[in-house]
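Visitor: Given next are the chains, with one letter for each unit.
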Amino acid sequence: MRTILTLSMVLLSFLAIAQEVVIKGKITDENSGEPLPGATVQVGSSTMGTVTDVDGEFALRLKSGEQTLTIRYLGYNDFSMTIDASANKYVELSLKELNSELSEVVVYGSLQGQQKALNQQKNAANIKNIVAADQIGRFPDPNVAEAIQRIPGATLQRDQGEGRYVIVRGLAPQFTNISINGEQIPSPEAGVRFVALDAVPSDQLSSIEVSKALTPDMDGDAIGGSVNLITRKAKNSDLEIQGTLVGGYSELMGKPNAQGSLLLGKRFGQNEKLGILVNASHYYTDRGSDNWERDGDEIELRDYELRRTRSAVSGTVDYRINPNNELYFRGIYNSFSDREWRRAIIFTPDVDDSPFEDNEIGRFTKDRFERQNISSFNLGGKHMLPGFSIDYEASYANAIQDTPFDYEVGFIAEPDELSLDFSDSEFPAFSTNSDFSYLDNINYEYDELEAGNTYAKDENITGKVNIGIPYMIGENQGLIKFGGKYRAKTKTLEVTNNKYEWAGGDVSFDGQEGDFTLEKFAGGLVDDNFLDGQYKLTAAPDMDKAITFFNANRSGFELNTDDKQVDESVESYTASEDVAAAYLMTDIKFNKLQIAAGVRFEQTSVEYSYNTVFFDDEGDLDEIVPEKGSTDYSFVLPQINLRYALNNLTNIRFAATTSYARPNFESIVPSQEINIADKEGTIGNPNLEPVSAINLDFMVDHYFGTVGVLSAGVFHKNLDKFIYKRVYETSIYNGIDFGTDVELVQDVNGQTATLTGIELAYQQNLTFLPGALAGLGLYANYTYTASNAELADRSGLGETEETNLPGQAAHVGNLSLSYGLNGFTARISGNYAGAYLNELGDDADEDEYINDRLQIDATANYQINSQFNVFAEFLNITNAPYEAYVADEKDQIIQREFYSWWSRLGIKFNF
Amino acid sequence: MKLNKILYVALVGLFSACAFDEPETAIQDTDFPLRLQIDEEGADLADAEDYDIEISFADYIGDLPATEITLTYELGGEGDFSGVEIDEIIYEYEDDDCAFEREITFTGSTITIPVDPDLGTVPEAIEIKVAFGLPEDTEAEDGGFTLAITDISTSEHVVFSDANEFEYEILDNDAAGEWVLELDEAGFNSFKELFGSVSPDLAKLSFSDITGEVKFEFEFEEVKIEIELAEEEEVTECEDGEIETEMTNLIVEIEAEYDAEDGEIEFEGSYFTEEGEELDFIAEAAYEMVGGDLIITFGKLVDEDHFEDGDELFSGEAPFTLIKD
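One line per chain: the protein sequences are A and B, in this order. Residue numbers for the first sequence follow this note's numbering, beginning at 1 and rising by one. Residue numbers for the second sequence follow this note's numbering, beginning at 1 and rising by one.
Just chain A, with the same shape it has in the complex (with noise of 0.2 Å):
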């Protein structure tokens, strides 16, 4: 009965709106004409009101009449105003900044960034940080992973120095999706779901968003965040033109890298209706490091010398058929290309003094190309009907990791005598008997050469419509909003695999004849200060020149084919997944008090096909078998966010959220790769389950009107069956009698993990202090975590261990002091991560940890006029390096990898 009364409620309060009008409105800055996301429409004195979107706009159901609004945007002065809501109306208001009078020492637009951020922030329904474009620019942060490691939680994982891999909230990348305009964008790497960030150039964007705690209409797997990336849109009828020109410097190389964009908006016809944006990019740079890594008791030195491009071309169509009808098409192309070459040298003493070893120092050069291609397009619509809005949107994803080719070449001596030393744990040391050198190639025979090539699809097609409809309780303006989603995802990996070993006898090239030995064949680059002068380098193996014989002597190699099936057809394989899901969910405001709640459901099939591999007795390859398997599983996801508004600029926010991360691919297709004669193999698992969460959060959030905010919270997080890697022994799996016992490595559910955590946040441009002083500002949060996950029988031991959340550091965070004087700016930023473990082993012993990095960077422009500005730009300023170790023993470092520090110098325009 009561549910009768309460739909007829609801019924009768729709009846109520549909007398309504709609007044659709965009909020810009009064100089820039820049949108201001984020702003508070409010009605009156009452509770009913809007936010604006990321475009500056907003839509507002009204009762006929006169009506008043007041908008609110911190670091702007309230501005109120009357309308007559007779008829659908558009209206256009500009704001003029609070702080004007404090031109002095304020730069011009550089608040602009932390407004727009923290407005939407202040204002959003859930936990969620906003990185804005020009907020962007504060910071040297070329790419989008390193744009977001300055929010509160975040970490990277890094690769060659630069962002790649996103931590949320000590969460491994796996447990946050990633999102462009609202649509997941795939993988392009084999085998995993996390996108490399760096493929992405942080310029192509009007915002980032974290979210922290998801709300029923967002996808459901995103246990430590959901990162959307949101490209730009044209702005008004004035033809918009900014761009950027940057030269840098790489010290390590001693080689330039460069940057260039360009952006063109403008929008077209009576009343703007039609908006086109086109934004491009393209950055390049030329790195290196300089790297020991250690396993076990054999050490490696690597020299790596680096290109990497990144482009990017985006564009944004949009038509608004009227105020409250709109097309779009979005379209971004994101295109990340490595080039690299690797000269190692491996030692590889025999510790035991083995008749059946040797001592062996190998020298190795690799030299590949890897490109990855984001694309994603997003066709859609957005209409605002009498007593309901509707949105829809179409989507296709794709994101491709090319390696056209991958070629490395080997020679190995074998000293008489080879010892090493980790006395030194930051440079071990190695020596030889007396009448062996390490850099006399002649002492180098041929091993091997490997050239192969690999291509990853990952492909998205996705659908979904969203229904809001408006509903009054009492005075209190709610919406119900549910729809629905359909996602076919499609990933394959095919790889070419080529091993060749000499068997030609005596070799002649360039004119020298005899042994196959490196002499003949090294060259290339050979740096002289390696690791600071630790170590001496010598000539590397010259691929162009292992190639041209290669080529040349085709007759005198020979091909392992073994190596070449096994490898091929293990890591080839073809998965589809189907995602349904929908949704029914609430956003309603009672005076103070704002809930967003409801209910998500997902469900996901998954097919695919692979491989098997079966070896003899003796270890030779016996079959392959191709395979096909299926799973499936459904998640009904409650969410709740409130958020109590205690005034204008200060919330107290809750949170309880369900949310799942699932397996990846290459963890759960069960291609197997069993070596009998060596009794180990590694193995899929398809009863492997993802992982669920529940999620609390709790945080209070004060913003300054000077544009600043002061945070804290907490969050918990309880993660049921989480995903780790188990080593055990068998001699039966599914059915397959190995007939002895193999030791198989395989990922496996672990049973609960906790990860508890508090985040402060505290950012302000400290305008209240004395004259000069003003210009001081500064930009600090930490986080601190705590995980506890249990390893059921981890070793086959059948024990129960406890240990951290891989990817989890206990502290993170950002310190930053700028100081803003005559339109000149410095800024000195330091990002900090603690220690962390990144990879569980075999067994305790054998758990990998990087260590902790504070990495500072400093940066300083000066604006030239309202177009110009000028920019320069200094990363890794002390050299930080990258530091792995293992059994949670700092001495026991097995990695060190240094970067050297880098710069820009370039030039802003904006017209």
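Calculated from the structure, these hints are not laboratory results. Among these hints, one or two may not hold up.
[Said to hold, decoys possible] DSSO-like cross-link-like pairs, simulated, lysine-lysine; straight-line CA separation at most 30 Å:
1. B:K300 with A:K679
2. A:K266 with A:K24
3. B:K224 with B:K324
4. A:K89 with A:K592
5. A:K457 with A:K564
6. A:K679 with B:K224
7. A:K266 with A:K96
8. B:K204 with A:K679
9. A:K382 with A:K589
10. B:K192 with A:K679
11. A:K128 with A:K721
12. A:K382 with A:K485
[Unchecked claim] Chain A is faced by these chain B residues, among others (derived, beta-carbon under 7 Å):
13. I27
14. D59
15. S161
Backbone N, C-alpha and C fix where the C-beta goes; we use that ideal spot for every residue, glycine too.
Starting from the structure of chain A, add chain B where the hints point.
Guide: Only chain B this time, still in chain A's reference frame:
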């Protein structure tokens, strides 16, 4: 100024900033050819009358060629081998567990590998029997011969290995040839104590299980030790369509490579443990010729898991007297 210069440098930098997406030299291996290879070297006792040399395809994926292949060769010898010539060339074809030997035609300078009508392709391997042409009951004393494949003619994508020459020499170490070790129970126990650790089958035997005869066959760089068991089994063989069934004694075999020089001999081989793990082993011994007998005294036997002092599989002295077979 300077703004223009900055712009200029940045533009120049940017336009030169292509991805390096091509290797300096691209590998040409998308159509990696099938490769024929020849044994590189061989040797036999001085009284040998001929020698079989194998030409075979290296490991390959896919099908063998379906058209004939012609090889051009040069065969020449020195010393006692100056009269070498190809006696016959055959390949083996198996059908229903029956082996058929089929001959291949050749001339004084070419060998034509035909397409086998049953296989539909050329055979995977051929054997070239080179006759030495020595007078009957004559032992070679010096010299050797070489067989080189100098050219290959084929319409298929097949090459001949850069290592295209076979070299033959007289097997002249003292241990070469076939020897018999006659064992009593004590001798068997000693033999078993030595080799039982690298032969799980031998370790299970007792003296009553064997006939007492153990054969040592020292060939070119390889030795085969055959322990004859008392138990017999029925063996059926089919050659060229003729099926023969006979009772033969079971054999336990140990195979290894060996290197004999200046009275010292070292054996290197591998074995599979009861658990299926393959382990390498090394046996060290001294040898001497006494009155036509070969006395081998084993001093140490180690494998990959047992090689440290005090942990050897065998350490001590185990002499065995081998009689020329």
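Visitor: Determine for every hint whether it applies to the structure shown.
Guide: Hint-by-hint comparison with the structure:
1. Under the criterion of a C-alpha separation no larger than 30 Å, the hint pairing K300 of chain B with K679 of chain A is consistent with the structure, at around 28 Å.
2. The hinted pair formed by K266 of chain A and K24 of chain A meets the criterion: a straight-line CA distance of about 20 Å does not exceed 30 Å.
3. A threshold of 30 Å between alpha carbons decides the hint, and for K224 of chain B with K324 of chain B the separation of about 15 Å falls inside it, so the pair holds.
4. For the hint pairing K89 of chain A with K592 of chain A, the CA-to-CA distance comes to about 28 Å; that is within 30 Å, so the pair holds.
5. Restraint check for K457 of chain A and K564 of chain A: satisfied, since their Cα atoms lie roughly 21 Å apart, inside the 30 Å limit.
6. Distance restraint check for K679 of chain A and K224 of chain B: the Cα-Cα separation of roughly 28 Å lies within the 30 Å cut-off, and the hinted pair is therefore satisfied.
7. The hinted pair formed by K266 of chain A and K96 of chain A meets the criterion: a straight-line CA distance of about 23 Å does not exceed 30 Å.
8. For the given pair, K204 of chain B sits about 24 Å from K679 of chain A by alpha-carbon distance, which is consistent with the 30 Å threshold.
9. Between the alpha carbons of K382 of chain A and K589 of chain A the distance comes to roughly 23 Å, so the proposed pair stays at or under 30 Å and holds.
10. A hinted pair counts as satisfied when its Cα atoms are at most 30 Å apart, and K192 of chain B with K679 of chain A qualifies at roughly 28 Å.
11. In summary, the hint linking K128 of chain A to K721 of chain A is supported, as the alpha carbons are separated by about 26 Å, within the 30 Å threshold.
12. With a C-alpha separation of about 16 Å, the suggested pair K382 of chain A and K485 of chain A falls inside the 30 Å cut-off, and the hint holds.
13. A least Cβ separation of about 5 Å between I27 of chain B and chain A falls short of the 7 Å threshold, and the interface hint therefore holds.
14. Taking 7 Å as the C-beta cut-off, the interface hint given for D59 of chain B holds, the closest approach to chain A being about 4 Å.
15. Nearest Cβ of chain A to the Cβ of S161 of chain B: about 6 Å, under the 7 Å cut. The hint holds.
The structure is consistent with each of the numbered hints, conforming to all of them.
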